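Whole structure, please, built from the sequences with the hints as guidance.
Number of protein chains: 4
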Amino acid sequence: MQASDYGASTADQPLDIVSLDRLDAAVKEVIPEAGYEFVSGGAGDEWTLHENRRAFDDFRIEPKRLRGVSPEVDLSIELLGQSLPFPIFTAPMGAHGMVHEEAEVATARGTGMAGTLYCSSGASHRTLEEIAEATQGPKWFQLYWNNDTEVTRSLLDRAKAAGYSAIVLTADALGPGQPDDFKAMSSPFRPDMVFGNHDPERGGSGNFFDQKLDLDTNAIKFIKDQTRLPVIVKGLLRADDADRSISAGADAIQVSNHGGRQIDGVPASIAALPDVVATVNGRVPVIMDGGVRRGIDVVRALAMGADAVAVGRPVLYGLGLGGAQGVQSVLEHLRAELQSAMLLSGAAKLADLDPSFINLVGASAEASRS
Amino acid sequence: MQASDYGASTADQPLDIVSLDRLDAAVKEVIPEAGYEFVSGGAGDEWTLHENRRAFDDFRIEPKRLRGVSPEVDLSIELLGQSLPFPIFTAPMGAHGMVHEEAEVATARGTGMAGTLYCSSGASHRTLEEIAEATQGPKWFQLYWNNDTEVTRSLLDRAKAAGYSAIVLTADALGPGQPDDFKAMSSPFRPDMVFGNHDPERGGSGNFFDQKLDLDTNAIKFIKDQTRLPVIVKGLLRADDADRSISAGADAIQVSNHGGRQIDGVPASIAALPDVVATVNGRVPVIMDGGVRRGIDVVRALAMGADAVAVGRPVLYGLGLGGAQGVQSVLEHLRAELQSAMLLSGAAKLADLDPSFINLVGASAEASRS
Amino acid sequence: MQASDYGASTADQPLDIVSLDRLDAAVKEVIPEAGYEFVSGGAGDEWTLHENRRAFDDFRIEPKRLRGVSPEVDLSIELLGQSLPFPIFTAPMGAHGMVHEEAEVATARGTGMAGTLYCSSGASHRTLEEIAEATQGPKWFQLYWNNDTEVTRSLLDRAKAAGYSAIVLTADALGPGQPDDFKAMSSPFRPDMVFGNHDPERGGSGNFFDQKLDLDTNAIKFIKDQTRLPVIVKGLLRADDADRSISAGADAIQVSNHGGRQIDGVPASIAALPDVVATVNGRVPVIMDGGVRRGIDVVRALAMGADAVAVGRPVLYGLGLGGAQGVQSVLEHLRAELQSAMLLSGAAKLADLDPSFINLVGASAEASRS
Amino acid sequence: MQASDYGASTADQPLDIVSLDRLDAAVKEVIPEAGYEFVSGGAGDEWTLHENRRAFDDFRIEPKRLRGVSPEVDLSIELLGQSLPFPIFTAPMGAHGMVHEEAEVATARGTGMAGTLYCSSGASHRTLEEIAEATQGPKWFQLYWNNDTEVTRSLLDRAKAAGYSAIVLTADALGPGQPDDFKAMSSPFRPDMVFGNHDPERGGSGNFFDQKLDLDTNAIKFIKDQTRLPVIVKGLLRADDADRSISAGADAIQVSNHGGRQIDGVPASIAALPDVVATVNGRVPVIMDGGVRRGIDVVRALAMGADAVAVGRPVLYGLGLGGAQGVQSVLEHLRAELQSAMLLSGAAKLADLDPSFINLVGASAEASRS
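Chains as they are written, first to last, in UniProt numbering: chain A, 1 to 370; chain B, 1 to 370; chain C, 1 to 370; chain D, 1 to 370.
Treat each hint with caution, since some may be false.
[Claimed, not checked] Not everything, but these chain A residues come out facing chain B in the computed CB check (under 8 Å):
| id | residue |
| --- | --- |
| 1 | Gly175 |
| 2 | Ala184 |
| 3 | Phe208 |
| 4 | Thr217 |
| 5 | Ser245 |
Honestly, the hints are just simulated from the structure, not real lab data. Note that the structure is predicted; figures quoted are calculated from it, not measured. Quick reminder that beta carbons are idealized off the backbone N, C-alpha and C, glycines included.
So this is what it looks like as structure tokens:
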């Protein structure tokens with residue numbers, strides 16, 4: 001593949017990963033600054049962006065010992081009818097061409113090589129059909145609702161036809177989602193790529209930017225009627241919104257603050273998770289994304305009630321450093337860390353993970369005080 | 001306009017603003033060091049100055065989703081009989097000549113160009129009449145009470161005559177209000193400008209520095225009797241003081257610590273707001289200032305019970321970088337951020353903002369513990 | 001005065017002080033490194049040293065407004081029969097020759113020039129008689145109890161004879177009290193000065209280092225019987241120790257952790273104060289020292305129940321930078337800051353200061369949550 | 001002794017120690033980078049590694065004064081039938097050849113020279129017999145359980161024969177235990193040393209890496225039946241695990257997170273201690289390790305219920321800087337600091353240390369609030 005003037009990565013190699021956090025500095029060296037700032041940044045002062053990581057520290061793992069836990073933990077799960085080899089998948093993210101010349105086709109292929117779920121963003125540079133073809137694994141389609149209902153309907157029909165097994169309704173993408181550092185560069189999106197799903201030359205219609213912002217929970221029923229596919233509502237941080245969404249037919253809830261990219265000053269996803277889990281109370285699966293970088297983060301999220309976690313930026317860093325193989329390396333590294341973290345936490349199987357593994361900061365201190 | 005020896009800004013241009021915080025470093029490059037240190041600093045160790053910003057992080061926004069909120073939120077408010085296009089206005093600040101050669105005339109003109117309220121400081125370099133003439137928008141006059149009652153009375157009469165629609169009684173300006181870094185420079189105020197309102201050549205009388213410091217709530221009635229204008233008591237941080245002021249006739253309360261410029265070690269304005277709001281209990285409007293830099297800060301303040309917010313330093317930075325047009329840019333930038341933050345918070349109208357949008361730090365953690 | 005080989009300061013000039021904190025960097029430039037490290041450092045990791053300052057931030061001032069408070073606040077107090085012009089005095093500190101060639105004689109003279117109390121350390125380079133003669137103000141003598149009872153008795157008799165009006169029993173000086181950075185220099189005390197009070201050539205006896213460490217509260221009665229002077233027990237952080245000391249005859253309690261110089265990991269003095277005050281319950285005066293650098297710190301300490309505060313390192317920095325006049329400048333600067341802080345806090349007189357002026361961190365947040 | 005190509009230390013000298021923390025920078029200069037990174041690092045983001053130190057700050061010492069405490073505190077204890085001159089000993093650590101050419105033989109000799117207990121790691125470079133011979137003091141053997149039961153049995157038999165007086169069952173060593181910075185160097189273990197206990201040329205059998213990870217509490221009885229020696233279960237952070245271990249026959253509990261080397265995100269040892277102590281309730285001794293660097297840390301751990309503490313990295317830093325004599329210096333420095341800290345805390349004997357010496361952060365603040 002020929003590199004463009006923009007100069008995104010053309011890498012295709014497996015990665016020797018020490019930790020996902022270390023990919024950040026590495027990818028900054030090899031992709032265009034515009035791509036790095038667009039992907040790595042967050043909204044406003046990036047308080048929520050950093051809080052997504054920091055807040056994990058508030059939930060300490062209380063490891064269980066001498067419980068006869070085998071190192072061969074089964075990590076597979078069933079999620080909305082799909083089998084995943086481990087409870088980690090690729091979060092929907094737009095505009096992968098900012099990172100790699102192959103864009104989402106490489107990300108989807110790499111995710112499929114790791115055997116797990118690819119969630120295709122409605123804001124992809126490549127078309128949903130090209131992406132669907134690229135992965136051998138399970139796949140979901142994330143919808144941006146167009147003001148033109150026919151455009152929305154067309155996207156849903158195409159997604160179903162292309163084999164996506166569920167639709168993700170993003171509830172929190174209500175702004176441009178551009179980091180300040182990217183805006184300070186005058187928002188240099190690459191000129192040679194457009195949003196593939198709306199490209200008339202590739203079977204698309206409508207204008208991506210003509211999004212409907214005043215969505216309500218009726219959107220859930222619309223999607224289900226149109227596709228007969230399960231609907232995940234993504235981008236909730238409140239328990240009442242989860243409850244309202246389930247009442248309106250949602251088949252899963254994804255706790256998320258959009259990677260801290262939409263509105264700053266909202267809680268970390270991991271901090272918002274417990275209240276949502278308590279209210280959902282097992283009626284539907286709960287997914288979370290936001291700040292997952294370590295196997296221990298997955299342990300915490302699952303112990304606090306998530307059924308699976310989605311990972312964003314590290315996958316794109318893997319894409320930039322290694323293309324499809326890099327994406328595979330990232331997901332497999334996280335799977336291996338989860339395997340080790342399960343053993344080190346003393347959890348014999350995923351179903352064992354419950355709040356008894358979590359020591360909320362200050363709790364033991366208070367106990368010892370009374 | 002000819003620049004003086006002092007060398008304040010003569011800029012007059014619109015600004016392309018990424019964030020208000022970024023204006024700080026930019027303005028530092030273009031105005032005299034004395035002006036920058038005088039404006040940007042705070043009292044003592046500047047703990048309160050920084051706390052005014054940091055404390056917002058304690059009040060996390062809990063965004064509401066899928067509520068059918070239109071992106072076209074009406075931001076206009078009525079405040080003491082004035083219509084404002086958005087609930088943000090220019091806080092009273094003295095000595096704008098430290099920043100720009102046109103001083104308050106440019107600030108007032110720019111505020112008026114943005115359509116919102118200008119609050120004129122009694123410590124202005126230009127006269128209150130010149131300032132009143134400069135703005136087409138609503139305007140309030142902030143009084144420094146002179147030990148000579150006739151001087152005080154004259155200021156009030158002039159303010160009414162010049163068309164100011166309310167009087168702000170500043171309750172907390174009891175010291176010189178000079179940052180340590182400015183004092184370390186030997187407090188280099190510009191020699192070629194005086195406090196305009198007391199300049200005998202421009203219709204003034206008395207000595208600005210001869211202020212009465214032992215004010216009590218009787219001052220409120222005095223102003224009302226003299227002017228028949230509503231009185232805002234500014235600079236309160238305690239609920240009991242708000243209550244006493246209302247009992248004495250105050251028509252509004254402004255929670256403020258004077259931008260952290262008078263006494264260090266007092267709470268952030270946003271932290272002091274809830275108790276005041278609870279005690280005021282809707283009897284009069286509550287305004288807050290101190291640390292507002294983002295649209296999300298306005299959302300937080302309003303959700304916690306403020307009716308409007310005032311903004312200080314960023315307006316002066318806009319003044320330094322762009323004169324009247326820069327001031328307009330600052331206020332319009334904040335208005336645009338508020339518009340976006342409302343949508344991203346899931347608030348359909350200002351009246352919807354209430355404490356249900358706020359997640360006090362630690363609250364959800366405690367909920368999940370019990 | 002001729003400088004020694006050691007090269008301590010010989011300065012004698014008034015200081016133009018912006019803030020006491022800024023004296024630290026300034027004095028570091030002009031006194032020997034050994035002196036600076038000895039004075040400025042604390043025990044161990046210096047956690048308590050820094051906590052003595054930081055903990056003030058936990059106790060926010062809730063300023064009262066429009067209360068008719070005059071700027072002319074009377075700051076004078078009576079303390080154990082002595083009149084002080086303001087409730088701030090010089091804490092006992094040893095070995096001033098590490099800072100200034102005149103040693104304690106200059107510190108005492110400067111303290112007297114400021115009109116306030118000098119507390120003379122038993123570990124002085126100059127004799128207690130020389131020091132007593134140097135100050136025109138009130139003075140106390142701080143005793144290090146010698147294993148040889150006759151030495152102890154002699155020190156007490158000399159102190160009474162020299163006109164000291166009270167004896168300070170230091171309860172917490174149980175180790176060498178040397179900062180790690182000073183020990184890393186091999187503890188370079190100056191070779192040309194000895195502990196004056198034990199110098200046989202100057203009327204002394206015994207060996208300073210032969211201290212009795214297993215003191216108990218009987219020491220209080222011994223001192224009172226021997227001197228008929230009031231006894232201040234200094235170095236308590238626990239309410240029960242204050243209670244035991246009062247039962248044993250103590251006339252005042254000084255909450256102190258010895259400037260963080262004896263044992264690290266103990267609470268800040270200001271944090272320990274409230275419990276002690278509650279238990280003392282007005283039976284005797286309570287003094288505190290540790291981290292007082294600003295007028296607002298004095299306001300906080302007094303509002304939380306202290307009757308007076310002692311100040312240490314800044315006085316020695318004033319000594320190094322300006323000799324006796326520098327000491328006077330330091331104490332008068334703090335008095336001026338206190339005057340201003342009283343007005344800015346809205347306290348008309350010292351007796352008004354009570355816990356209603358203090359907002360413990362988190363308290364208002366909790367109020368707004370319920 | 002001849003240095004190898006690897007170039008570990010060959011030092012053998014007493015150390016002049018200011019503080020144990022300062023040994024870190026010093027040893028970094030003199031041992032190979034691989035050794036330094038291997039020893040100094042921790043798991044993952046090293047949150048727990050740093051928290052092991054930071055969490056001590058949450059437990060402030062409330063020193064008792066004027067209690068007649070003699071400076072000659074008896075620090076000796078009895079622990080599982082062994083007399084220790086002070087309640088501090090050398091924690092089990094593997095691969096000392098990464099630091100010093102003599103490896104564990106020097107560490108054990110130095111520990112014995114200080115008169116205290118050496119706990120020999122199953123992952124030693126030297127054989128357990130060589131190590132046993134090197135120390136004149138008490139010694140325990142830490143077992144890594146081999147999948148081959150005969151290997152495990154052989155290790156236990158050899159340990160008993162070599163004179164080890166107790167067996168430490170490590171419950172938390174379930175992963176490679178390599179810091180990320182060491183992995184980033186490609187885990188450069190020295191090629192010229194193997195795990196001595198499994199070296200067929202030195203009487204060993206089996207493969208060290210063939211460890212049994214799914215241990216349960218039955219392991220305790222197996223060891224006791226095989227050796228008739230007391231068993232310490234090391235690596236617990238949960239009270240229920242301590243209770244289960246005691247029910248299964250454990251003779252002591254060691255609260256530990258393996259120096260933050262196995263799993264990140266778990267609580268500091270000192271934070272986990274109180275709950276374990278409360279549940280153990282005196283049935284067996286409780287040991288803690290993790291972050292002990294100061295005499296005051298030992299005071300805190302003992303006041304919170306530990307019977308003794310183990311120290312790791314500082315001992316290896318002493319080894320690197322001074323060989324056996326350096327190890328002795330480290331342990332004796334900590335003993336001297338404990339002696340001083342006891343006096344400064346006002347504790348007359350170890351048995352006096354109880355929770356009344358500890359002020360949990362925030363507790364006094366809350367008391368003063370109510």
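Here's how the hints hold up against the structure:
no.: 1; hint: Gly175; verdict: holds (5 Å)
no.: 2; hint: Ala184; verdict: holds (5 Å)
no.: 3; hint: Phe208; verdict: violated (16 Å)
no.: 4; hint: Thr217; verdict: holds (5 Å)
no.: 5; hint: Ser245; verdict: holds (7 Å)
The structure does not agree with numbered hint 3 stated previously, though it agrees with all others.
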